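Protein chains: 6
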Amino acid sequence: MYELGVVYRNIRRADGDVAARLGAFGSATVHEAMGRTGLMKPYMRPIYAGARASGTAVTVLLQPGDNWMLHVVAEQIRAGDIVVAAVTADCNDGYFGDLLATSFKARGALALVIDAGVRDVRVLTEMKFPVWSKAISAKGTVKATLGAVNIPVVCSGALVTPGDIIVADDDGVVVVPASLAQKTLETAATREANEGSEREKLAAGVLGLDMYNMREPLQKAGLKYID
Amino acid sequence: MYELGVVYRNIRRADGDVAARLGAFGSATVHEAMGRTGLMKPYMRPIYAGARASGTAVTVLLQPGDNWMLHVVAEQIRAGDIVVAAVTADCNDGYFGDLLATSFKARGALALVIDAGVRDVRVLTEMKFPVWSKAISAKGTVKATLGAVNIPVVCSGALVTPGDIIVADDDGVVVVPASLAQKTLETAATREANEGSEREKLAAGVLGLDMYNMREPLQKAGLKYID
Amino acid sequence: MYELGVVYRNIRRADGDVAARLGAFGSATVHEAMGRTGLMKPYMRPIYAGARASGTAVTVLLQPGDNWMLHVVAEQIRAGDIVVAAVTADCNDGYFGDLLATSFKARGALALVIDAGVRDVRVLTEMKFPVWSKAISAKGTVKATLGAVNIPVVCSGALVTPGDIIVADDDGVVVVPASLAQKTLETAATREANEGSEREKLAAGVLGLDMYNMREPLQKAGLKYID
Amino acid sequence: MYELGVVYRNIRRADGDVAARLGAFGSATVHEAMGRTGLMKPYMRPIYAGARASGTAVTVLLQPGDNWMLHVVAEQIRAGDIVVAAVTADCNDGYFGDLLATSFKARGALALVIDAGVRDVRVLTEMKFPVWSKAISAKGTVKATLGAVNIPVVCSGALVTPGDIIVADDDGVVVVPASLAQKTLETAATREANEGSEREKLAAGVLGLDMYNMREPLQKAGLKYID
Amino acid sequence: MYELGVVYRNIRRADGDVAARLGAFGSATVHEAMGRTGLMKPYMRPIYAGARASGTAVTVLLQPGDNWMLHVVAEQIRAGDIVVAAVTADCNDGYFGDLLATSFKARGALALVIDAGVRDVRVLTEMKFPVWSKAISAKGTVKATLGAVNIPVVCSGALVTPGDIIVADDDGVVVVPASLAQKTLETAATREANEGSEREKLAAGVLGLDMYNMREPLQKAGLKYID
Amino acid sequence: MYELGVVYRNIRRADGDVAARLGAFGSATVHEAMGRTGLMKPYMRPIYAGARASGTAVTVLLQPGDNWMLHVVAEQIRAGDIVVAAVTADCNDGYFGDLLATSFKARGALALVIDAGVRDVRVLTEMKFPVWSKAISAKGTVKATLGAVNIPVVCSGALVTPGDIIVADDDGVVVVPASLAQKTLETAATREANEGSEREKLAAGVLGLDMYNMREPLQKAGLKYID
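Protein chains in written order, with my numbering: chain A, 1 to 227; chain B, 1 to 227; chain C, 1 to 227; chain D, 1 to 227; chain E, 1 to 227; chain F, 1 to 227.
If you're looking for bench data, these hints aren't it; they were derived computationally from the structure. Treat the hints with care, since some could be wrong.
When the alpha-carbon atoms are kept at most 25 Å apart in a straight line, the in silico DSS-like pairs for lysine-lysine are as follows [to be verified]:
#1 Lys224/C - Lys183/E
#2 Lys220/D - Lys143/B
#3 Lys41/A - Lys128/C
#4 Lys220/A - Lys41/A
#5 Lys105/E - Lys143/E
#6 Lys183/A - Lys224/D
#7 Lys128/D - Lys41/A
#8 Lys143/B - Lys105/B
#9 Lys128/F - Lys41/F
#10 Lys220/E - Lys128/F
#11 Lys220/C - Lys143/F
#12 Lys220/D - Lys220/A
#13 Lys41/C - Lys183/C
#14 Lys143/C - Lys41/F
#15 Lys105/E - Lys143/A
#16 Lys201/E - Lys128/F
#17 Lys201/C - Lys143/A
#18 Lys105/A - Lys143/A
#19 Lys201/F - Lys183/F
#20 Lys41/D - Lys128/D
#21 Lys143/B - Lys224/A
#22 Lys143/D - Lys105/D
#23 Lys128/C - Lys41/C
Just so you know, these numbers come straight off a predicted model, no measurement behind them.
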């Protein structure tokens with residue numbers, strides 16, 4: 001499925017400003033705005049609580065136990081990018097540590113999303129370089145086999161095309177295709193606008209049952225109250 | 001096994017004061033006081049370190065990918081309750097977020113224990129609304145199929161009858177049947193009383209081998225020391 | 001495979017000073033210095049972020065759901081030791097809590113590494129007694145069956161011989177055989193020395209591709225750039 | 001939650017004939033007839049393909065790594081019973097082998113359902129003694145700690161009360177409370193009766209879309225066909 | 001990421017004859033021929049040993065616990081197709097049983113590949129209708145929420161575009177994009193041709209070390225033999 | 001922990017006849033005879049039901065996604081050996097298929113035990129070449145990085161020294177150190193001798209409670225019968 005041994009240098013990035021604004025809504029709202037699709041598997045967790053990032057995806061395909069291509073992708077990073085790393089097989093090795101983070105950060109990367117393991121998490125946390133990963137492991141890797149850079153990849157169950165927008169926080173990682181970014185932003189904004197007044201009402205003790213007019217459909221579905 | 005499409009409005013809650021006092025002992029002590037039974041599976045984790053809660057259970061049975069009944073259970077919450085949510089199948093979706101938390105809190109709920117996923121964990125953490133869950137996921141849910149409220153449920157391997165006491169902290173979630181609450185409280189108190197002096201002795205370098213008179217039974221069991 | 005019912009009182013500990021210096025390098029560097037071997041499985045996690053410890057191993061073999069031997073091993077602890085606990089079967093029970101931690105600490109133990117569960121993690125965190133474990137669980141254990149103390153054990157996939165050096169931090173747990181400690185220290189020191197200047201260059205925007213001379217081998221492997 | 005150290009000798013068993021007839025429908029049909037509840041977790045698998053059994057439950061609660069109570073429950077077995085074994089903690093040890101199977105069979109047991117491991121599966125298969133378990137393991141167990149016999153237990157996520165009907169086959173294990181057995185039988189029979197003619201139509205190429213009148217609700221839900 | 005509520009009726013299927021010939025090579029050979037990419041996760045297992053199938057993909061996206069769209073996709077099946085079913089969240093429910101299999105078979109489907117659970121496996125086995133799934137479960141599903149048919153889906157970690165070739169057997173499930181089918185066939189044929197003579201030599205005791213000329217590169221890599 | 005890049009050509013193998021006789025007892029009996037130690041994790045499963053093998057271990061340490069050393073170990077195989085393959089990290093790739101099996105068999109190997117994945121399982125089954133593995137996967141591997149041959153390895157949680165006896169069947173894989181082989185054989189024989197008469201009695205309806213004199217210790221432990 002994957003084209004190996006290639007590096008695509010020119011990708012069409014989604015608008016960085018849209019990425020920033022989507023990030024402000026958070027992954028849960030953006031995921032809803034996309035019809036509840038585009039989410040990576042929930043095993044992807046930030047290495048520190050409160051991590052959040054949004055940006056444009058540069059992608060890299062790695063081989064098991066081999067981080068060679070992370071050095072190749074570093075050169076393709078531009079300010080505002082998030083590196084999205086997939087692996088051709090399940091692997092928990094620590095592909096990425098503080099040296100690569102220093103390099104990525106110097107190139108302008110905002111975060112790493114990797115369907116594998118990372119290490120040096122104490123230093124990464126101190127650097128405030130956010131990473132979402134499947135595992136944490138001190139296990140290092142070799143540099144022997146080619147993967148690819150900036151091809152479409154499946155990462156943690158989600159398809160990521162280079163240039164897509166990534167929104168990541170404590171709740172998970174959502175992928176927004178560049179072509180849907182603007183529309184998703186509008187849907188998210190509308191949704192968020194409603195949530196403000198809803199929150200107030202709920203805080204005042206109003207029930208969702210009433211606010212969302214659920215009593216009738218629940219009754220139709222057959223719900224019975226028993227005293 | 002489950003009665004579906006029903007909401008029991010009148011349940012007999014255990015004494016709230018007993019719940020509070022059991023909570024002060026913590027889940028490990030309470031679990032010991034119950035003969036090492038009543039514990040949910042250890043995959044149930046608090047969404048933030050240091051979370052702790054104890055209260056009376058209102059229960060809800062959910063369908064996979066469907067959080068409709070969380071709105072129904074909200075109405076049945078009274079001050080001092082903990083909502084215990086079971087699902088009819090394994091599901092990691094994010095059933096619960098900051099809006100429902102606002103509603104639950106307004107109704108007097110102290111916590112949520114859910115054998116599924118939750119989202120908006122940053123806001124839930126800021127609200128100090130403690131949740132014990134199987135997963136964290138931005139994935140939202142639909143509202144289409146009935147479950148039930150305030151029926152006995154199996155949540156994370158433990159049977160929870162409405163009105164039971166729930167004790168939850170960093171170590172896990174324990175269920176104390178209402179009928180055993182008072183006796184468990186007494187056993188826990190006795191146990192805790194002993195622990196104080198034990199801790200002092202151990203801190204002074206006394207060995208458990210001596211303090212608990214283990215040397216003889218170990219020898220009888222055949223333990224040999226080799227120099 | 002295991003000799004049961006025995007306690008070896010005299011073990012040859014690696015040099016404590018070497019242990020301390022290896023600990024300063026961290027598990028990732030030490031693991032690299034050992035040719036990327038000696039690491040426990042990545043499911044071993046510290047009970048609190050930022051935990052780190054290094055010391056000499058005293059080992060204990062436990063039976064499922066039975067923590068009797070933890071009291072036996074306590075007597076064998078000397079200042080600077082780390083207790084490494086293996087179990088003869090997979091078990092997530094909470095074998096260890098604040099009382100045993102008080103005892104271990106009084107005897108001079110620096111940490112516990114256990115291929116099972118622990119409890120009282122709030123208190124352990126307050127005590128700053130670091131533990132690496134497979135699980136957290138309020139579930140207590142019995143005291144009925146013999147295991148062994150200070151025999152070689154397989155813990156979380158790694159062979160640990162009594163007296164070996166353990167280096168544990170956020171990235172995981174590495175075992176350094178006593179006989180390789182000095183050499184590993186030297187290799188780690190060399191490695192670390194290089195990393196300082198590398199980090200500076202990477203921070204200045206130099207690419208790993210150039211710094212590590214990767215462009216030629218990548219080209220030979222067939223990597224193609226596409227505009 | 002559990003009463004320990006007790007053996008209830010008199011339990012009210014559901015009708016054995018009803019159990020046999022429910023078994024003929026299979027676990028999937030019975031599960032549907034119960035409103036899609038009562039199913040154990042799908043990790044419960046038969047030790048050989050094609051295993052199937054239905055009967056009345058005698059229950060046993062075991063301690064981790066300890067099969068003492070399996071000998072106690074043997075005495076309580078009557079012809080037509082299925083032994084349902086829960087454990088107070090997660091454990092994959094091999095609690096049950098060919099000797100116990102010989103004993104269970106001699107007492108009239110039809111099967112074992114155990115939320116743990118078993119061994120001697122080659123002999124069990126030759127004996128045609130069906131077992132549903134979480135694991136297969138040569139690991140033996142001790143006989144040291146009391147559990148209980150014929151108390152209600154939570155086994156693999158399902159509540160089992162002594163005397164309930166168990167229906168187990170390749171698709172899983174369903175629990176039918178004694179009080180619902182007759183009604184479930186009727187619902188299952190109705191369901192099955194319909195399936196015969198449905199199967200014929202589907203085999204002839206009729207679509208479920210038409211047979212179940214789904215086209216209109218799909219259209220209402222907004223489904224669009226694109227050429 | 002996904003377009004919901006749509007059914008694409010016209011898809012461009014890869015050549016059925018190429019699919020059949022790729023199937024004869026088996027998933028391992030095809031996977032190698034594709035540069036070791038295109039494989040679904042190894043948790044996908046056939047419901048019976050020896051199952052094998054190859055054909056053209058029609059795809060369906062399902063919602064958690066909801067199999068409505070399987071009835072919709074049935075209408076889109078043509079002779080030689082394999083249905084590939086993805087779910088928007090992790091779910092082990094039994095989405096598919098003998099009635100749907102009867103319908104799929106009548107429409108000409110050769111197999112089902114589903115990233116979820118199935119049931120009625122005994123009957124499916126008797127029907128010789130092969131299924132690759134993540135789980136087996138008697139748990140049924142509702143029909144309430146729209147997904148999509150014949151959109152590109154990520155199934156078990158692999159991207160499947162409608163019309164792609166699926167090769168499935170005991171070793172797993174491989175996806176061959178329609179555009180690469182012919183070339184993959186040629187590569188696989190070459191590979192297979194070599195394997196025949198290699199097998200003969202190996203059977204005669206010739207070592208891979210010699211046959212593949214590995215001794216020199218191993219020596220260069222530093223391998224040392226110790227007597 | 002591991003010495004890399006080495007092949008030990010001379011190992012001291014345990015007696016092949018003892019291996020054969022231990023194999024006849026099966027893994028469960030041998031495991032008991034060793035005091036319930038020496039068992040690999042229960043995730044190790046045979047690729048076909050009824051597989052069984054016993055022999056002397058030649059060991060190999062592999063790197064993630066890299067099967068180069070399997071060709072190296074092939075040369076070290078002698079008649080009666082079982083190859084035991086460990087990996088330096090968790091990996092489910094298909095390291096081994098029918099070509100390597102042909103080679104191993106030609107060299108006299110009786111089986112493979114591998115803490116990773118294998119492929120071509122249909123052909124391996126037809127060849128009757130038994131394999132115990134963690135996974136089945138069509139995913140192939142590279143040949144780029146050195147491991148080691150005939151060093152002590154930790155495989156699936158058990159320490160295996162070259163020359164040890166391996167006993168593997170449906171119940172799992174047990175390792176018997178060469179030095180304990182004779183004694184284990186005697187203990188197993190005694191144990192098995194008793195089982196014959198026990199089986200007869202149990203088949204006749206005698207209870208383990210009586211045969212093993214458990215009634216008194218159960219009563220002492222506090223067991224109560226309730227009518």
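Evaluation of the provided hints:
1. Lys224/C - Lys183/E: Holds. Lysine 224/C to lysine 183/E sits at ~20 Å (cutoff 25 Å).
2. Lys220/D - Lys143/B: Given pair lysine 220/D, lysine 143/B holds - Cα atoms ~17 Å apart, limit 25 Å.
3. Lys41/A - Lys128/C: violated (34 Å)
4. Lys220/A - Lys41/A: Given pair lysine 220/A, lysine 41/A is violated - Cα atoms ~35 Å apart, limit 25 Å.
5. Lys105/E - Lys143/E: holds (21 Å)
6. Lys183/A - Lys224/D: Holds, at roughly 20 Å.
7. Lys128/D - Lys41/A: violated (41 Å)
8. Lys143/B - Lys105/B: holds (21 Å)
9. Lys128/F - Lys41/F: holds (23 Å)
10. Lys220/E - Lys128/F: Roughly 36 Å between the alpha carbons, so the hint for lysine 220/E and lysine 128/F is violated.
11. Lys220/C - Lys143/F: holds (17 Å)
12. Lys220/D - Lys220/A: holds (17 Å)
13. Lys41/C - Lys183/C: holds (24 Å)
14. Lys143/C - Lys41/F: With a Cα-Cα distance of about 24 Å, the restraint between lysine 143/C and lysine 41/F holds, given a limit of 25 Å.
15. Lys105/E - Lys143/A: violated (48 Å)
16. Lys201/E - Lys128/F: Measuring from Cα to Cα gives roughly 19 Å; hence the hint holds.
17. Lys201/C - Lys143/A: holds (20 Å)
18. Lys105/A - Lys143/A: Satisfied, since the Cα-Cα distance of roughly 21 Å is no more than 25 Å.
19. Lys201/F - Lys183/F: violated (28 Å)
20. Lys41/D - Lys128/D: Roughly 23 Å between the alpha carbons, so the hint for lysine 41/D and lysine 128/D holds.
21. Lys143/B - Lys224/A: OK: lysine 143/B and lysine 224/A at ~17 Å, within 25 Å.
22. Lys143/D - Lys105/D: holds (21 Å)
23. Lys128/C - Lys41/C: holds (23 Å)
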